[in-house]
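Engineer: Place chains C, X and R on chain E using the hints.
Order-wise, the sequence lines are chains E, C, X and R.
Heads up: the first sequence begins at 1 in my numbering, then just goes up one per residue.
Heads up: the second sequence begins at 1 in my numbering, then just goes up one per residue.
Heads up: the third sequence begins at 1 in my numbering, then just goes up one per residue.
Heads up: the fourth sequence begins at 1 in my numbering, then just goes up one per residue.
Just so you know, these hints were derived from the structure itself, not from any lab.
You may find that some hints are simply not true.
[As the list claims (entries may be wrong)] Partial pick of chain R residues on the chain C-facing surface, computed with a CB cut under 8 Å:
no.: 1; residue: A43
no.: 2; residue: T47
no.: 3; residue: T77
no.: 4; residue: Y87
no.: 5; residue: G91
[As the list claims (entries may be wrong)] Just the calculated beta-carbon pair ranges, DEER-fashion:
no.: 6; chain 1: E; residue 1: E94; chain 2: X; residue 2: D60; range: 31 to 41 Å
no.: 7; chain 1: C; residue 1: K187; chain 2: X; residue 2: P44; range: 42 to 52 Å
no.: 8; chain 1: E; residue 1: Q37; chain 2: X; residue 2: G20; range: 54 to 64 Å
no.: 9; chain 1: C; residue 1: E252; chain 2: X; residue 2: D60; range: 55 to 65 Å
no.: 10; chain 1: E; residue 1: D41; chain 2: R; residue 2: A251; range: 39 to 49 Å
no.: 11; chain 1: E; residue 1: S136; chain 2: C; residue 2: G88; range: 43 to 53 Å
[Claimed, not checked] Okay, the calculated bits of chain X under chain E, using three or more residues with CB under 8 Å as the criterion:
no.: 12; region: 24 to 37
no.: 13; region: 91 to 99
no.: 14; region: 205 to 217
In this text, all values refer to a predicted model and were calculated from it rather than measured experimentally.
Glycine included, C-beta positions come from ideal geometry on N, C-alpha and C.
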Amino acid sequence: MPLERAVAENLKDGDTVAFEGFTHLIPTAAAHEAIRQGFKDLTLVRMTPDLIYDQMIGMGMAKKLVFSYAGNPGVGLLRRLRDAVENGYPRPLEIEEHSHAAMANAYEASAAGLPCAIFRGYRGAGLAEVNPNIRSVACPFTGETLAAVPALRPDVAFIHAQKANRRGDVLVEGIIGIQKEVVLAAKRAVVTVEEVVDDFAGLHPNLTVLPSWTVTAIAVVPGGSHPSYAHGYYDRDNAAYLEWDRIAADRETFRAWMQENVLEKGADAFAARVAHLRKAA
Amino acid sequence: MPLERAVAENLKDGDTVAFEGFTHLIPTAAAHEAIRQGFKDLTLVRMTPDLIYDQMIGMGMAKKLVFSYAGNPGVGLLRRLRDAVENGYPRPLEIEEHSHAAMANAYEASAAGLPCAIFRGYRGAGLAEVNPNIRSVACPFTGETLAAVPALRPDVAFIHAQKANRRGDVLVEGIIGIQKEVVLAAKRAVVTVEEVVDDFAGLHPNLTVLPSWTVTAIAVVPGGSHPSYAHGYYDRDNAAYLEWDRIAADRETFRAWMQENVLEKGADAFAARVAHLRKAA
Amino acid sequence: MSAFTANEMMTIAASRALKGSDVCFVGIGAPSAACNVARLTHAPGITLIYESGTIGTAPDVLPLSIGDGELCETAVTTVSVPEMFRYWLQGGRITIGFLGAAQIDRFGNINTTVIGDYARPKTRLPGGGGAPEIATSAQQIFITMAQSKRAMVDRIDFFTSFGHGEGGDHRKRLGIDTAGPTLLVTDLAVWKPDPATKEFTVVSLHPGVTREQVQETCGWPVRFAATVEETLAPTALELQTLRDLKARTEAAHKAGASAGKRGSKDG
Amino acid sequence: MSAFTANEMMTIAASRALKGSDVCFVGIGAPSAACNVARLTHAPGITLIYESGTIGTAPDVLPLSIGDGELCETAVTTVSVPEMFRYWLQGGRITIGFLGAAQIDRFGNINTTVIGDYARPKTRLPGGGGAPEIATSAQQIFITMAQSKRAMVDRIDFFTSFGHGEGGDHRKRLGIDTAGPTLLVTDLAVWKPDPATKEFTVVSLHPGVTREQVQETCGWPVRFAATVEETLAPTALELQTLRDLKARTEAAHKAGASAGKRGSKDG
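Isolated chain E, as found in the complex:
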């Protein structure tokens, strides 16, 4: 299905939405489509909000951010996010902050149908004092106090993956991150893929495959995770991450860049962006 329709049919104003990807397979094309469609009042969930959430926050689409590490990976801070948190520009942003362990466990618990996750965490950590969604339970055998966080159940999850087959099963490989858990945790799941193949015959039986009936919609967008990368397809565009630091530093520069590179473009622009990052044959 075209990405435009997949996004329109599955995302609504006010939704809690996760565009997940752990440095690898970040669903940039889907995020840009959501920006073009101009959704409002979103609660954005992600372990590692990076460029795409900086962009959505900078465009004023987010009322709340649930996260565990908000940086431009390997570069520094996220300047649109800072502007929203520090100055309330373009609108104030409520934040719910966790550790990676908490977020990973919370997605996992939701995929497992549980209302909460327990883990050994947050001991001595300041977040436990500022986030009311960090609570505790006592182990009924040892009495040990364990941290508890609510399961993360987004209304909709977006991920990028390498391949789908004609039946609609999805393959994720390489750094698989949290891709499987977020799809199983969410009420609806939209996947962009690099390509569609006839079938997955010959694949090793233990790979990370999401059966077709766990996925709501699939859109083919080659290059759709640029400037992140897709293992086996193209490399990370490190220069784009460095460049983002400059673009996001200034409100006007940011606006102009978004206008030119997101609002006036479509999903078909991504293939060209990764052309120079593909492996030599």
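Structural biologist: For chains C, X and R alone, kept in the frame of chain E given last:
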């Protein structure tokens, strides 16, 4: 290292030990070596005790069994285990009985370093009334009552796997069951493998590999999971499972069979047992 | 159509209750045969899951165990056992849990644990395995078993897995929000729970079976629906599919010699 | 030996603290460089783990992010992020957690969350990521950072991750049974916690560094060990290894053009 030494150095009388394998990759050779070395007062842990625990219980080595399904898979009951539970022969057997979900979660929790596992289980189930290790916790967010079981931390785990490399990393593939969790859950882990290869170069990055530093000892025993199977090496010996029902039905027949096939044999007997089960080239 | 056995009728009647959109958690034995007949006839899209971790499997022969190699070789993906019980069963992904039973009562409560007292059993059965959580996490439970007074009893000796408890809204009172047993297919009849009491009620008799035969092989006073239909006899396709499946299975499982023969296909 | 920078000295001094038997949870930046220099010099057996799920990785160039493709391509295995935090970190498999810091206090407590008040921050930093649990689940914590009064402060603004708290047995009082920060390597000195108070104490000054320089770039009154040694200058091998690594890294990361060049090796 020779299996004899790997077992002698890692198993002691009175240990809590798990010989795990979920229909696939059952560590029969290791269990037979333990029988030959005549350990006593073991607490045997396994989701699916089958022939090898029937054998160890029939030989009087076990004082307790922790399990979730005690059958001869696809055939019926375990007759030596029944004799121990129903008649105390050759010695009484204490049992701690769980569901599969509970055992799987308990191994998982132990691999994850937690003191207990919580899950949505045992609702309306009789086991919750007869097993004091089934307790509950309330979700601190929803108030829902969830089942809790203590983490399973065996003194030693034995598994069978397909391959090790020269560095000592271990590959498990196909039906991976609980192999990884039990190794990470146990204090010591002994692995028998079909073969050793130079390295794992070219393997897909997301396969189930246990790094060398998670494994205490490795012994090469081709055919070591007969009459179970090793995916990619040989098929399940269904006839042996059917035949076991006859052997185990009678105390004397059992004793004679053990004498001939276990006590008077060594690990090197396994290769021949699977010769007719190997795939045609 | 040629004659058929009661067992064949049972398997085929059970298979008809499955839809192509179902995600089915399959027990070994009669459930496995019914699920695979459904897959090979009217429900090719059905997803079969075995608790060994194999998701979307399509075996050519019936497995002897829930972890046979062919289940993995033909699956969409094979996951670990903890993941199976956490993401797939507890995660609410299973539409139909298909169970057998050593003992069952009129409310679909199942015992596969012990005959007699738990601490001092007359017969120690294998135990629950996955059933306690299948019974409460799968959206619906189908049960299939041959009738006998030993198996269909007034009171089961142990609650291995919870059906409708004492009937009525007992599940809801325990906070269980899945439907529980919604179908029982025996070698004689098709049963469904009464909407209010949740007692299993005969809704259809297999061809040639009388009400008396059903009562004679059941340990509680059998209730029949207002209208009891006759189960449609197996079609030629259904019967042929089941018999071919059983014949392939028998050939494959006969002695260890199966390996060589299957090698050329699997290798 | 040729001259070396303070930053090079810092990385190399940190690398020396790692052993071949260590299983090291690696943060990006200086920790990553130190870990890889150790691997390429005296500790080839070391296991490097990045929180993206890559276990036993051996990158030829330093990754810009913790999830670069080469980490996966050279790893023994790559697991999911939940598994990484559950089995590998929380499971107690990590001997050394290697962290950087925006702010640190004398007890090794770290802040990477906010400068100023949490609710109304002057500067919103990236946050903790994996650090809160690395700090308590890894058997020991090594920290490496450049000294400055802005970074080494009397009181940190936020307890992102717990070091020795108020010092002494504070960890034990919270039920934390791991050792916590046992080493701090800056661009000027090597610090270790006092056995009793747990306050970081200078045990070794890098060549040419004075006590005054250490104090001038530190926001608390610095304690020096009874005997303060001089850090061994980088060996030729160490320096060459680090510089080669940095040169390879720079070449690889320069513009997107790296892909074509690396293709022949990776493909």
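Engineer: Determine for every hint whether it applies to the structure shown.
Structural biologist: Consistency of the hints with the structure:
| no. | hint | verdict |
| --- | --- | --- |
| 1 | A43 | 14 Å, violated |
| 2 | T47 | 7 Å, holds |
| 3 | T77 | 4 Å, holds |
| 4 | Y87 | 5 Å, holds |
| 5 | G91 | 4 Å, holds |
| 6 | E:E94 to X:D60: 31 to 41 Å | 56 Å, violated |
| 7 | C:K187 to X:P44: 42 to 52 Å | 48 Å, holds |
| 8 | E:Q37 to X:G20: 54 to 64 Å | 34 Å, violated |
| 9 | C:E252 to X:D60: 55 to 65 Å | 40 Å, violated |
| 10 | E:D41 to R:A251: 39 to 49 Å | 45 Å, holds |
| 11 | E:S136 to C:G88: 43 to 53 Å | 45 Å, holds |
| 12 | 24 to 37 | violated (count 0) |
| 13 | 91 to 99 | holds (count 3) |
| 14 | 205 to 217 | violated (count 0) |
In summary, the structure is inconsistent with hints 1, 6, 8, 9, 12 and 14 from the numbered list given earlier, while agreeing with the others.
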